[in-house]
Each structure stands twice: as structure tokens, then as C-alpha cells.
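Trainee: One letter stands for each residue in the lines below.
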Amino acid sequence: MSEALNIIQDPTLTYRQELIALARLGESTDDSLRYSDAYYEAKAKGALCDLNEGIMPYRPRYICPDYDLLFEKGCKFLDLEPPTDLLEAVNVLEIFYCHVPSITTYPVYVGDLDRLLEPFVIKEDRAYAKKVLGLFLRNIDRVQTDSFVHADIGPADSVTARILLELTEEMQLAIPNITLRYDPDITSDDFALACVRCMLKTAKPSFANHGMFRSEWGDRYAIASCYNGLTIGGGGYTLPRMRLYECSLNAKSPEDFLENELPRHIDLQLEYMDKRVKFIVEQSTFFKDNFLVTEGFVRQENFTGMFGVVGLAECCNHLLGIKDVHHGFGLNPEATELGIRIMEAIEKRVSEHEAPYCDAFGHRYRLHAQVGIDTDGMDDSPGTRIPIGAEPDMLSQLEVNEKFHRFFPTGTGDIFKFEETWTKTPEAVLSIIKGSLAKGLRYFSGYLENNDVVRVTGYLVKKSEIEKLRQKKQSLNNVTVFGMGAQDGGHALDRRVQEFGA
Amino acid sequence: MVIIMKLAPVNKIIPFSNVDGPGNRTAVFFQGCTFDCKFCHNPETINMCIGCSECVSKCPAGALSCQSVESARAAADERSADSSTDSCKSPGADAGMLSNRRGSIIWDSTKCVQCDTCIRVCQSNASPRIRYMSVPDLIAEIRRTAPYIQGITVSGGECTLQNDFLIDLFSAVRALQDSPRLTCLLDSNGSFDFEADPRILEVSEGVMLDVKAVGKEWSRRLIGDPGDLVLKNLDYLLKAEKLQEVRTVIIPGRDTENEETVRYTASKIGNACDYRIIRYRPFGVRENFQKELGEDETPEEYAMKFVELAKQYGAGRAYLV
Ligand code: SF4
Ligand code: SF4
Ligand code: SF4
Ligand code: SF4
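Chains as they are written, first to last, in numbering that gives the first Met the number 0: chain G, 0 to 501; chain H, 0 to 320.
Hint data in this document are derived by calculation from the structure and do not stem from the laboratory. Some hints could be false.
To list a few chain H residues with every Cβ distance to chain G over 10 Å, as calculated [as the list claims (entries may be wrong)]: (1) 9; (2) 61; (3) 66; (4) 105; (5) 107; (6) 121; (7) 176; (8) 228; (9) 267; (10) 280; (11) 312.
Covered by chain G, per the in silico footprint, the following chain H stretches (three or more residues, Cβ under 8 Å) [stated by the list, open to error]: (12) 39-52; (13) 239-247.
Glycine residues also receive a C-beta, built at the ideal position from the N, C-alpha and C atoms.
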């Protein structure tokens with residue numbers, strides 16, 4: 000049976016999902032973008048992974064359009080005037096989203112919704128505004144059917160943000176993902192507590208360390224996809240990842256790894272990124288004539304490459320001969336220290352590399368802690384996380400995270416699963432979040448163990464939708480299938496529950 | 000001169016607790032209690048280990064072993080010799096802690112698999128899984144949690160058995176630099192005479208007090224003590240404005256006793272503090288007492304009646320847990 004026929008006959012795929020799968024298949028018929036033999040060898044061994052980005056990139060992976068510009072000037076290509084009221088504003092956005100490409104074909108950043116919509120919302124009666132925003136969220140959930148669709152709110156409180164939180168609770172939707180940019184000087188406790196309550200009921204928003212992101216990206220940064228920091232009016236070209244465990248398999252010792260295998264694989268991944276970035280900029284038409292570029296919604300110089308890593312824990316444990324994860328990375332200071340040395344080495348080597356077409360970032364790529372994909376199984380834990388099932392108490396887990404988050408301007412994060420009693424004490428949860436962000440955590444996600452909407456590794460899925468797939472029914476959300484893979488292979492939903500006092 | 004560091008028996012430290020006072024708190028549970036409540040969920044915290052070694056051979060993980068008093072003392076001396084000396088006392092001050100035991104049980108926390116077998120076999124309502132810790136030991140733990148918490152709560156057993164140690168601990172917490180101002184709360188059963196020795200209150204934000212039983216007979220039966228001091232403390236702490244909250248456990252089917260306790264307590268505290276009405280839960284309660292008090296938890300509706308009663312008698316801040 001041909002691969003195309005497989006796709007066409009798969010009962011769990013919706014029409015749109017078939018279309019995307021077939022496009023991917025079509026893209027793979029041209030392999031004129033070539034890499035070195037050493038790259039292919041590393042890829043075949045599973046040490047490097049292209050995250051199925053497709054071998055002929057025809058758009059950057061992640062695009063973060065400047066929605067302020069859209070509201071200011073409208074869009075000629077789509078024949079949209081600047082909106083004058085709330086209804087027009089959400090209509091303009093809904094239309095525009097359908098024309099924002101990405102690796103998933105859905106927009107991974109739908110804007111700072113509170114800031115964008117607030118001027119329109121406050122002119123309306125609150126109940127009416129809530130009704131319109133409810134329909135807007137429903138539109139996003141049913142049209143942009145992918146959990147990597149991401150909206151940002153904060154750091155300041157607003158009527159719009161409050162309504163969005165209320166609706167998020169009431170509607171229990173997996174899409175869009177939401178991040179609160181948290182800044183202790185700007186975000187009021189009252190607003191942050193509303194976000195905590197919402198997070199415990201719906202697994203969102205997550206909390207981003209505003210000060211940290213701002214110091215790296217400036218004021219106008221977006222949190223896109225799972226937790227990707229990027230520039231508004233720019234984005235990320237490509238995101239391959241080093242599977243660090245597999246990279247370490249041929250190393251004879253930690254020193255051998257740091258001196259030989261690690262730099263060798265870093266260079267191969269850089270080679271891959273350079274070629275792809277050049278191809279996207281020089282060969283594909285995106286940066287030449289896509290309306291997003293020609294009308295200034297994104298600028299090529301605001302893009303960078305995202306250098307991904309996954310499986311640091313397993314890498315360290317392997318290099319130190321640690322078999323039992325309960326005494327390994329994150330729980331064993333020696334393994335954690337080695338992890339820091341490895342990350343420092345990666346950071347240094349990547350920052351010494353002159354990257355093409357990354358003008359706004361000093362011609363440098365930026366690191367990303369990739370959360371794993373459904374087929375990774377238990378070999379590579381997300382980014383620099385402690386393996387699921389071996390997580391220590393929450394305090395220790397946070398302390399380990401705080402050592403690693405600084406390495407990843409293009410995103411990292413960890414997820415904490417809370418037990419029911421914490422819903423009664425949101426201020427206690429907030430206190431943990433505040434403390435960890437102040438201590439250098441970049442990104443905090445939490446959810447309640449009994450919810451339907453749960454956070455798998457970075458994205459949200461509904462447990463009830465995973466059930467549908469198991470029964471060979473279709474799920475509208477493209478990502479549900481990844482959630483099922485991560486649950487089956489990576490036990491992603493079995494992470495340690497934060498009991499009252501653990 | 001040998002300097003002995005003041006040490007206290009710690010049963011457990013919970014770095015993040017959301018049920019031991021306002022916000023997120025680090026809770027330190029000390030071993031040993033002055034009462035013997037029938038509904039106690041953690042009866043293994045009531046007594047100090049007598050060193051009978053019954054549990055040692057039962058431990059499936061080989062985490063327990065015996066040690067003589069002399070070597071235990073020597074180990075403690077060694078520890079204090081290389082720690083800082085800011086809360087040290089001359090020898091003898093804490094010797095009682097070790098000398099009342101025939102031998103000492105050593106617990107290796109790295110081997111322990113938390114199966115609770117030792118606690119089940121112990122006939123003395125004790126636990127071998129405790130650590131003797133100094134104030135600097137505890138401060139080292141609190142330094143770690145400080146950025147994430149509003150404060151610490153000391154609990155038990157009955158924490159006030161360690162009164163002098165607690166005064167040092169709270170003073171040290173208050174003196175902690177470069178961390179947010181942490182509050183220090185006591186979770187007490189009210190068996191310590193705060194009026195006679197109010198020093199601890201001077202370094203504490205207040206007491207979370209259990210008023211378990213009003214009425215001598217019921218009190219004697221439920222907690223093994225007539226409870227006079229508890230009620231005296233209720234008055235005194237109210238007057239001293241050091242009452243953080245009061246808790247009463249509602250026992251299923253004990254209408255008269257529950258009513259008397261709630262009525263008395265509610266009319267005393269008024270709106271001065273929270274009044275937590277807690278449902279009896281059989282989880283962890285000793286079997287014979289489960290038979291006596293009930294094998295099911297107090298129904299919510301039943302407990303709610305006492306929340307209403309408390310409000311009726313003036314405790315505006317009564318709520319159900
Ligand atoms: S882990 Fe990273 S690369 Fe993967 S979907 Fe999330 S943001 Fe994108
Ligand atoms: S804990 Fe109990 S059983 Fe074990 S030695 Fe001490 S008194 Fe005996
Ligand atoms: S709880 Fe620990 S010390 Fe007690 S019996 Fe089990 S393994 Fe041994
Ligand atoms: S006062 Fe507390 S610890 Fe002591 S016996 Fe009663 S319930 Fe148990």
C-alpha cells in the first residue's frame with residue numbers, strides 16, 4: 000500500500016489532517032536540499048532529529064505577526080480595514096489567522112489578546128463583550144484546530160484578560176494555549192491569583208518570567224507554540240534538536256563526550272540549520288512575496304534559528320553509568336552538575352557560531368528545550384527535565400529547573416501537577432510561582448490531576464479526545480494524536496502529583 | 000569543654016504545605032505529644048521511641064539498626080563540634096533527650112522505602128524515622144524554601160514540648176537576611192501554659208489552637224486530659240491577640256458533645272480569628288478507636304450544622320474543612 004493511500008484510508012484523520020499529511024508527503028518528493036554524509040549518519044542513528052519539519056521548507060517554522068500593525072493599518076492583501084469596534088477587531092483577527100503559515104499550518108501566535116482588544120472591549124457593555132469574545136475563542140478552537148496555537152496576556156491586568164480567563168474556565172477548551180507574562184512589579188496579586196485559579200481548572204495560562212524574556216528579546220516578544228520566546232514581527236526559521244542521549248552513546252566518558260561527540264553533533268546541527276535558513280530566505284518565496292513580509296507584519300531580520308535539545312537527563316545518566324533514574328539527573332548532584340557543564344558547552348559553541356540571516360540577534364541562534372515528540376518513548380526526557388516518575392519533591396524539582404532555564408531564550412518550561420486541595424489555596428500556588436520566577440525559573444505550567452484538559456509535555460489536550468482516538472474516532476485537534484503517543488510511550492500524564500505538602 | 004548543640008526530634012519536614020496556616024508554608028513536625036487523642040491521625044508522633052528494637056528486624060529495607068546510648072551521644076557531640084555555635088548550650092541541657100532511652104534506633108533515610116511497617120509494629124505510638132536536628136540544621140532547610148513561602152509552622156505531636164528550641168528557631172528565622180519576611184506560627188494542642196511563659200509568643204505571629212473537647216469528662220475520654228489548660232490558653236491567646244485560628248474536630252453522632260464544644264468556642268472567639276470546623280476522618284486512626292468513634296468520616300451535612308451553630312454563636316469566620 001502506498002503512503003498516500005495509508006493517509007487517505009486512515010479513519011482517525013479528519014479531512015484537514017489528511018490534507019496536511021499529504022502535503023508533507025508531497026514535500027518529501029524533492030531532496031535537492033542536501034546535507035553532509037555525517038549529518039545523515041547522525042540522523043539515521045537518532046542523534047539528530049529534524050522534528051519532521053519536512054525536507055523542503057517553504058515557510059519559517061514559527062511566525063509571530065505584528066498584530067498592532069494590522070490594527071493600525073489594516074491589510075491590503077486581505078482587503079481588511081483597521082477595525083473600529085470589537086466585532087470588527089475579532090473578525091479581522093479571525094480572517095488574518097487563516098493566512099499565517101507555520102510548520103503546523105496553523106498560527107502559533109495569535110497575539111497579545113488583552114492588549115490588542117482592550118481598547119475595543121472597554122467601549123462595550125461587559126456582557127456583550129464577553130459574548131463576542133466567547134464566540135472568538137470558539138472560532139479559534141474550531142478553526143485553528145491545533146494546540147500549538149498560542150495567545151499571550153499580561154503583565155498588566157485588564158478587563159479583556161479577566162473576561163478571557165472567565166471564558167477559558169467556562170468553555171474548557173484546549174485551544175488556544177495561553178501564557179501570562181508575569182512581572183512582580185506590574186502584575187497585581189489579584190490578577191495573578193485569577194490566573195492561578197484558571198490554571199488549576201483548565202491547565203492555562205502558564206506563567207512566563209517577563210523580566211527574563213524582556214532582557215533577552217526586548218519589550219516586544221511573543222510566547223508562541225508551547226512556550227517559545229520569539230520577537231513580535233519576526234519568528235523562528237527552523238527548530239531541529241539534538242537527542243542528547245543518543246549523542247552520548249558513543250562517548251567513552253563524560254570528558255570524551257564534552258570534547259568530541261558533543262561538539263561534533265553541535266556542528267552538524269548548525270550545518271543543518273544554516274542550510275535550511277539560507278534556503279528559506281534565498282530559495283523559497285516566503286520572504287520575497289508573502290504579504291506578511293511585503294506589508295511589514297514580519298521582517299526577515301527579526302527571525303532566528305532555534306537550536307533544540309532534548310534528553311539531557313538520560314544523556315547525563317548514561318555518561319555516568321547511572322541505571323536507576325531515581326538516583327540520576329536532578330536527584331544526584333553529580334549528574335546535575337554534569338548537565339550544567341553540558342549546557343554551558345552547548346551554549347558556548349552555539350554562541351560562537353556566526354548564523355546567517357539572524358541580524359536582530361547579533362547573527363546568533365538561540366537555544367530551545369524541546370519537549371519531546373510522541374515517538375520518543377522514554378529515551379529522551381523533555382529538554383532538561385527530570386524523567387517522569389523520578390521527579391523529586393516540588394522544591395527540589397524547582398531548584399533543578401532554576402539551574403537550567405537561563406540557557407533557553409527560545410523556550411523551556413516544566414509542568415507541575417497539583418492535587419485538589421490546592422484549588423482552595425491559590426495564594427499558596429502563587430507564592431511558589433513567584434518564588435521560582437524570582438529564582439530564575441523561566442516558565443511555570445501547572446494543572447490539576449482530575450481535569451479533562453491536561454498539559455502533556457508543552458501543549459494541551461483533552462483526555463476525552465485521546466479516548467476518542469483510542470476508539471478509532473476522529474479528533475478535531477491535530478495534536479490529540481501526539482498526546483496519545485506521549486501518554487502511551489512517555490507516560491506523560493503520570494507525572495508526580497503535588498499533594499498537599501509533598 | 001564539650002559543647003552540646005540543642006537538638007530536637009523532628010518527625011517530618013514538609014517543604015511546601017498549603018494546609019498549615021496562611022499561604023504556602025514550610026511545616027516542621029516534632030516528635031512527642033502531651034495528649035493521646037483517640038482521633039489522632041498520626042499516633043506514631045505521640046511518644047518517643049523507647050528503643051525496644053521491635054521494628055528493626057521487621058523493616059523490609061534494612062533501613063533500621065540499633066545503636067548504644069554512648070555512641071549516639073558521641074555522634075551528637077561530633078555533630079555539634081563542627082556546626083556553628085550560635086545556639087549552643089553547655090552539656091547536660093539536652094541530655095534528657097537521650098538518657099531516657101535504653102538504646103537508640105538509627106534510621107537510614109536513603110534506604111527507607113516509606114512502607115510504614117515500623118510504625119505499624121510499634122506498640123509504643125512512636126516512630127524510628129526521626130532525626131535529631133539543631134536550629135542551624137533547620138535553618139538550612141528553611142533557607143531553601145524561603146523564596147517560595149510565607150512562613151513556617153511548627154507542629155507535631157506537640158511542638159511546645161520543644162519550647163526553648165522553638166524560641167531559638169523562630170528568632171533565627173526572623174533574623175534571616177535576604178529573604179522575604181517569614182512569619183512563624185505554632186500549631187498547638189494547648190497543653191503549654193503560654194501565660195506562665197510567654198517568651199515564644201514574642202517571636203511568633205501566633206498560635207493555631209486545637210479546642211478538641213469542652214467538658215472535663217468528654218475531654219478526658221477523647222484526648223486523655225481534662226483540657227482546663229486548653230481553655231485557659233484560649234482566653235489568654237485571645238487577650239494577647241496571638242490567636243491565629245481555632246480548630247475543632249466534629250465526631251460523627253456526638254450531638255451533645257460537639258454542640259457544647261462548638262458553642263463554647265464560638266462564643267469566645269467571635270470574629271477574632273478563623274474557626275475551622277474539621278470533619279473526623281478515620282484515615283490513620285488506630286483501629287480500636289475507629290471502632291469507638293466511627294469507621295466513616297463525619298458527613299458533610301452533619302458537620303455543616305456545626306458551622307452554622309458556630310456562626311450563630313458569634314464566630315463569623317467559621318468554615319468547614
Ligand atoms: S517543544 Fe518546542 S519545537 Fe516542539 S512544538 Fe513545542 S515549542 Fe515547538
Ligand atoms: S520505634 Fe517503636 S518499635 Fe521501634 S524501637 Fe522504637 S519503640 Fe520500639
Ligand atoms: S518505613 Fe522505612 S524504616 Fe520503616 S519499615 Fe519501612 S522501610 Fe523500614
Ligand atoms: S494532640 Fe494532636 S498529635 Fe497529639 S495525640 Fe492529639 S491529635 Fe495526636
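Trainee: With reference to the structure, classify each hint as holding or not holding.
Mentor: Consistency of the hints with the structure:
no., hint, result
1, 9, "15 Å, holds"
2, 61, "17 Å, holds"
3, 66, "26 Å, holds"
4, 105, "21 Å, holds"
5, 107, "15 Å, holds"
6, 121, "23 Å, holds"
7, 176, "16 Å, holds"
8, 228, "29 Å, holds"
9, 267, "26 Å, holds"
10, 280, "13 Å, holds"
11, 312, "25 Å, holds"
12, 39-52, "violated (count 0)"
13, 239-247, "violated (count 0)"
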